[in-house]
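As you go down the protein sequences, you meet chains L and R in turn. Okay, so the first sequence: first residue is 423 according to the working numbering, each after it adds one. Okay, so the second sequence: first residue is 283 according to the working numbering, each after it adds one.
Note that these hints are calculated values from the structure, not bench results. Just so it is clear, CB atoms sit at the ideal spot from N, CA and C, and this is done for glycine as well. Be a bit skeptical, because a hint or two may be false.
[To be verified] Quick partial rundown of chain R residues pointing at chain L, CB under 10 Å, derived from the structure:
{"hint": "1", "residue": "F317"}
{"hint": "2", "residue": "Y346"}
{"hint": "3", "residue": "G367"}
{"hint": "4", "residue": "A370"}
{"hint": "5", "residue": "F373"}
[As the list claims (entries may be wrong)] Short derived list, chain L residues pointing at chain R, Cβ under 8 Å:
{"hint": "6", "residue": "F461"}
{"hint": "7", "residue": "L468"}
{"hint": "8", "residue": "T471"}
{"hint": "9", "residue": "Y480"}
{"hint": "10", "residue": "V484"}
{"hint": "11", "residue": "S511"}
{"hint": "12", "residue": "I515"}
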Amino acid sequence: GAVVSQHPSRVICKSGTSVKIECRSLDFQATTMFWYRQFPKKSLMLMATSNEGSKATYEQGVEKDKFLINHASLTLSTLTVTSAHPEDSSFYICSARRLTGKADTQYFGPGTRLTVL
Amino acid sequence: AQKITQTQPGMFVQEKEAVTLDCTYDTSDPSYGLFWYKQPSSGEMIFLIYQGSYDQQNATEGRYSLNFQKARKSANLVISASQLGDSAMYFCAMREGRNTGNQFYFGTGTSLTVIP
């Protein structure tokens, strides 16, 4: 079953509004979560690394004031797209680092499709 | 330079046949991990298989196997006995270093279509 959830799975909003996307690790604690953005038929691009209890680390070219990340607990990270514009429309995927397991890998959420009108 | 290169934008395979999806990588770090993910049309990234740089044997997970050729820096995914449900995008990814918190670098993906 899914070990990382995202909510909402799909959101449509008006230009200028803010949208919050939640990423939850369901049965493990994740000190590190990652936020990716994926354009249609393109690869995943890392936006930022979210560490519990500290500020997120943003990749070059990603506006930290536009994409606010909060990792307030070991099971929840949120991404808020502020003052959204149509060019922010995309598929946003989070992943959570799991410290145990055979591959000791990151588990991905199902993604959130954002459409800004 | 690209960290991960997938040169096959699209592949077709007959049902029940085997297919190989290519992936080459570039890193100077002696410690790294290689991953393959499947992304169906629903968008969810599904972990398939993992190969560590120090692993002596090729990784296998059910119908998935990873053909790891370290000297050539390739990590091809082999899917045996293809099924219709295998039709999806497949991404190769790499994580450098030992820290599992390090970021993943993704390839551009290969779209696999299984033909009945």
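Hint check results:
Hint on R/F317 holds. Least Cβ distance to chain L is approximately 7 Å, under the 10 Å limit. Restraint check, R/Y346 versus chain L: the minimum CB separation of about 13 Å is more than 10 Å; hint violated. With a cut of 10 Å, the hint placing R/G367 at the interface with chain L is violated, because the nearest CB-to-CB distance is about 17 Å. Below 10 Å, beta-carbon pairs count as interface contacts, and R/A370 has none with chain L, the closest being about 13 Å; its hint is therefore violated.
Given hint, R/F373 at the interface with chain L, holds; its Cβ is 7 Å from that chain's nearest Cβ, closer than 10 Å. Interface restraint check: L/F461 against chain R, minimum CB-CB distance 11 Å, threshold 8 Å, status violated. At a threshold of 8 Å, the smallest CB-CB gap from L/L468 to chain R is about 5 Å, leaving the interface hint in force. Given the 8 Å rule on beta carbons, the hint for L/T471 holds: about 7 Å separates it from the nearest Cβ of chain R.
Restraint check, L/Y480 versus chain R: the minimum CB separation of about 12 Å is more than 8 Å; hint violated. Taken as an interface hint, L/V484 does not check out: its beta carbon lies about 13 Å from the nearest beta carbon of chain R, beyond 8 Å. The closest approach between the C-beta of L/S511 and any C-beta of chain R is roughly 14 Å, which is over the 8 Å cut-off, so the hint fails. The closest approach between the C-beta of L/I515 and any C-beta of chain R is roughly 6 Å, which is under the 8 Å cut-off, so the hint is satisfied.
Hints 2, 3, 4, 6, 9, 10 and 11, counting from the list given before, are not met by this structure.
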